[in-house]
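Q: Fit chain Y to the given chain Z structure using the hints.
So the sequence lines, in the order shown, correspond to chains Z and Y.
Under our numbering, residues 1 to 167 are what the first sequence spells out, in order.
Under our numbering, residues 1 to 116 are what the second sequence spells out, in order.
None of these hints come from the bench; they were simulated from the model.
Please note that the accuracy of each hint is not assured.
[Said to hold, decoys possible] Capping the alpha-carbon separation at 16 Å, the derived lysine to aspartate or glutamate pairs in EDC-like fashion look like this:
id: 1; chain 1: Z; residue 1: Lys92; chain 2: Y; residue 2: Asp95
id: 2; chain 1: Z; residue 1: Lys92; chain 2: Y; residue 2: Glu11
id: 3; chain 1: Z; residue 1: Lys152; chain 2: Z; residue 2: Glu131
id: 4; chain 1: Z; residue 1: Lys152; chain 2: Z; residue 2: Glu132
id: 5; chain 1: Z; residue 1: Lys124; chain 2: Z; residue 2: Asp39
id: 6; chain 1: Y; residue 1: Lys17; chain 2: Y; residue 2: Glu41
id: 7; chain 1: Z; residue 1: Lys92; chain 2: Z; residue 2: Asp78
id: 8; chain 1: Y; residue 1: Lys48; chain 2: Z; residue 2: Glu13
id: 9; chain 1: Z; residue 1: Lys92; chain 2: Y; residue 2: Glu41
id: 10; chain 1: Y; residue 1: Lys74; chain 2: Y; residue 2: Asp95
id: 11; chain 1: Z; residue 1: Lys92; chain 2: Y; residue 2: Asp14
[What the hints assert, rightly or not] Short, incomplete list of chain Y residues facing chain Z, as computed with Cβ under 8 Å:
id: 12; residue: Ile9
id: 13; residue: Leu12
id: 14; residue: Phe13
id: 15; residue: Asp14
id: 16; residue: Leu16
id: 17; residue: Arg35
id: 18; residue: Arg36
id: 19; residue: Gly39
id: 20; residue: Lys42
id: 21; residue: Ala43
id: 22; residue: Phe63
[To be verified] Here are some of the chain Z residues that sit facing chain Y, going by a computed Cβ distance under 7 Å:
id: 23; residue: Gly45
id: 24; residue: Ile85
id: 25; residue: Thr89
id: 26; residue: Lys92
id: 27; residue: Ile96
id: 28; residue: Val100
id: 29; residue: Met105
id: 30; residue: Pro112
All values reported here derive from a predicted model rather than from experimental measurement.
Ideal placement from N, C-alpha and C gives every residue a C-beta, glycine not left out.
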Amino acid sequence: MEPEKKVPVVEEEVSFSVNGGLYQVRVQSNWTLQYVLHDELGLTGTKEFCNEGACGACAVIMDGRPILSCMALAIECDGQTIETIEGITGAKHPLIEAYVNHSCMQCGYCTPGFVVTAKALLDKNPSPTEEEVKEALVGNLCRCGTYPQHVKAVLAAANNLQRGQRV
Amino acid sequence: MSSNEISKIQELFDNLKSDKYPLDEYQSVGKRGVRRIDGYEKATGAAKYTMDVQLPGMLHLRFLTSPYPHAEIKSLDTSKAEALPGVRAVLRYDDPELPAGADLGGHETSDLPVLP
Numbered sequence: 001m002e003p004e005k006k007v008p009v010v011e012e013e014v015s016f017s018v019n020g021g022l023y024q025v026r027v028q029s030n031w032t033l034q035y036v037l038h039d040e041l042g043l044t045g046t047k048e049f050c051n052e053g054a055c056g057a058c059a060v061i062m063d064g065r066p067i068l069s070c071m072a073l074a075i076e077c078d079g080q081t082i083e084t085i086e087g088i089t090g091a092k093h094p095l096i097e098a099y100v101n102h103s104c105m106q107c108g109y110c111t112p113g114f115v116v117t118a119k120a121l122l123d124k125n126p127s128p129t130e131e132e133v134k135e136a137l138v139g140n141l142c143r144c145g146t147y148p149q150h151v152k153a154v155l156a157a158a159n160n161l162q163r164g165q166r167v
Numbered sequence: 001m002s003s004n005e006i007s008k009i010q011e012l013f014d015n016l017k018s019d020k021y022p023l024d025e026y027q028s029v030g031k032r033g034v035r036r037i038d039g040y041e042k043a044t045g046a047a048k049y050t051m052d053v054q055l056p057g058m059l060h061l062r063f064l065t066s067p068y069p070h071a072e073i074k075s076l077d078t079s080k081a082e083a084l085p086g087v088r089a090v091l092r093y094d095d096p097e098l099p100a101g102a103d104l105g106g107h108e109t110s111d112l113p114v115l116p
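This is chain Z alone, in the form it adopts within the complex (with noise of 0.2 Å):
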């Protein structure tokens, strides 16, 4: 095994919008954003999971582009607009709607990363098709297998916010 290098951990003020409200941290340099929203932030809804940016547990919107916080470290957020699960809820989209009534969830751990990824893509484009939607969610694992629901809740969502069902 390659030994591991050591670079001196700094620490750093930095502040960035979370869900509309400004944050200032004061991080260190090995934290990721995940760990910083999840910890120390304690916006529990962004979920670490596999923890190198193959599954979309931790999926974050940040300056309208779904990113995954496990991947990006805290101290290179400074200035940037973040938003997570917690703000989404709290604008009551017809996402979690669509996603309770279409039983998106088994054990639900990836569930918020999966409606913050499709509530990217619906703010980039109001009105997919399927393809779209298994295209803008094909980052987001679920090992309980609820592929089919998914898609099915984001085009009924769609369908929602094209009637003006939204706050």
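A: Below, chain Y alone, put in the same frame as chain Z:
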């Protein structure tokens, strides 16, 4: 958006937390689906998993695992880990308080070492 519409959406969201559908939506007898009773918590990320629990005075644990499969441990030096500030305990595979067959409160005991 009017306050009437907002309260309507709030009511819709409150209904999601129950597995029963509002009855006045239905006029005939027949099949209707049942919602997952934990669906709302899980879809909104509010459901608490073990990883989300934070208790006062909670200790954290790290495993040091072997980089080699099926290797024999010839020596293990944990003095540096013990000397780190804030470290409360270091559990070793040869800890005399964790002998083979120790009852750790699981379903059954085993003759294998607790920390192999």
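Q: Each hint needs a verdict: does it hold in this structure or not?
A: Going down the list of hints, with the structure as the test:
1. For the suggested pair Lys92 of chain Z and Asp95 of chain Y, the alpha carbons sit about 53 Å apart, so the restraint of at most 16 Å is broken.
2. Among the hinted pairs, Lys92 of chain Z with Glu11 of chain Y is consistent with the structure: their alpha-carbon atoms are about 11 Å apart, no more than 16 Å.
3. Between Lys152 of chain Z and Glu131 of chain Z the CA atoms are separated by roughly 12 Å; this keeps the pair inside 16 Å, and the hint holds.
4. Proximity of Lys152 of chain Z to Glu132 of chain Z is assessed by CA-CA distance (about 12 Å); at most 16 Å being required, the pair is judged to hold.
5. A threshold of 16 Å between alpha carbons decides the hint, and for Lys124 of chain Z with Asp39 of chain Z the separation of about 30 Å lies outside it, so the pair is violated.
6. Of the pairs offered as hints, the one joining Lys17 of chain Y and Glu41 of chain Y holds, with about 8 Å between alpha carbons and a cut-off of 16 Å not exceeded.
7. A threshold of 16 Å between alpha carbons decides the hint, and for Lys92 of chain Z with Asp78 of chain Z the separation of about 27 Å lies outside it, so the pair is violated.
8. At roughly 29 Å between alpha-carbon atoms, Lys48 of chain Y and Glu13 of chain Z are farther apart than 16 Å, so this suggested pair is violated.
9. The straight-line distance between the Cα atoms of Lys92 of chain Z and Glu41 of chain Y is roughly 13 Å, inside the 16 Å bound, and the hint therefore holds.
10. Distance hint between Lys74 of chain Y and Asp95 of chain Y is fulfilled; the C-alpha atoms sit about 15 Å from each other, no more than 16 Å.
11. A C-alpha spacing of about 11 Å is found between Lys92 of chain Z and Asp14 of chain Y, which places the hinted pair at or below 16 Å, so the restraint holds.
12. About 5 Å separates the beta-carbon of Ile9 of chain Y from the nearest beta-carbon of chain Z, less than 8 Å, and the hint is met.
13. Of the supplied interface hints, the one on Leu12 of chain Y holds, with its beta-carbon coming within about 6 Å of a beta-carbon of chain Z, less than 8 Å.
14. Given the 8 Å rule on beta carbons, the hint for Phe13 of chain Y holds: about 6 Å separates it from the nearest Cβ of chain Z.
15. Taking 8 Å as the C-beta cut-off, the interface hint given for Asp14 of chain Y is violated, the closest approach to chain Z being about 11 Å.
16. A cut of 8 Å between beta carbons decides the hint on Leu16 of chain Y: the least distance to chain Z is about 5 Å, and the hint holds.
17. Among the interface hints, the one on Arg35 of chain Y holds; its C-beta lies about 6 Å from the nearest C-beta in chain Z, closer than the 8 Å criterion.
18. For Arg36 of chain Y, the suggested interface contact is upheld, since its CB lies about 5 Å from the closest CB of chain Z, less than 8 Å.
19. The restraint placing Gly39 of chain Y at the interface with chain Z holds, with a minimum CB-CB distance near 4 Å, inside the 8 Å limit.
20. A distance limit of 8 Å between C-beta atoms decides the matter here; for Lys42 of chain Y the minimum to chain Z is near 3 Å, and the interface restraint holds.
21. The interface hint given for Ala43 of chain Y is met, as the beta carbon of that residue sits about 4 Å from the closest beta carbon of chain Z, less than 8 Å.
22. Taking 8 Å as the C-beta contact cut-off toward chain Z, the hint placing Phe63 of chain Y at the interface is violated, the least distance being around 14 Å.
23. The beta carbon of Gly45 of chain Z comes within 2 Å of a beta carbon in chain Y, closer than 7 Å, and the hint placing it at the interface holds.
24. Proximity of Ile85 of chain Z to chain Y holds as hinted, the smallest CB-CB distance being about 4 Å (cut-off 7 Å).
25. With its C-beta approaching chain Y no nearer than about 4 Å, Thr89 of chain Z sits inside the 7 Å limit, and its interface hint holds.
26. Evaluation of the Lys92 of chain Z hint against chain Y yields a held restraint, the C-beta minimum of about 5 Å falling below 7 Å.
27. A least Cβ separation of about 5 Å between Ile96 of chain Z and chain Y falls short of the 7 Å threshold, and the interface hint therefore holds.
28. Because the beta carbon of Val100 of chain Z sits about 4 Å from the nearest beta carbon in chain Y, less than 7 Å, this interface hint is met.
29. Annotation: interface hint on Met105 of chain Z holds; nearest CB of chain Y at approximately 5 Å, less than 7 Å.
30. Below 7 Å, beta-carbon pairs count as interface contacts, and Pro112 of chain Z has one with chain Y at about 4 Å; its hint therefore holds.
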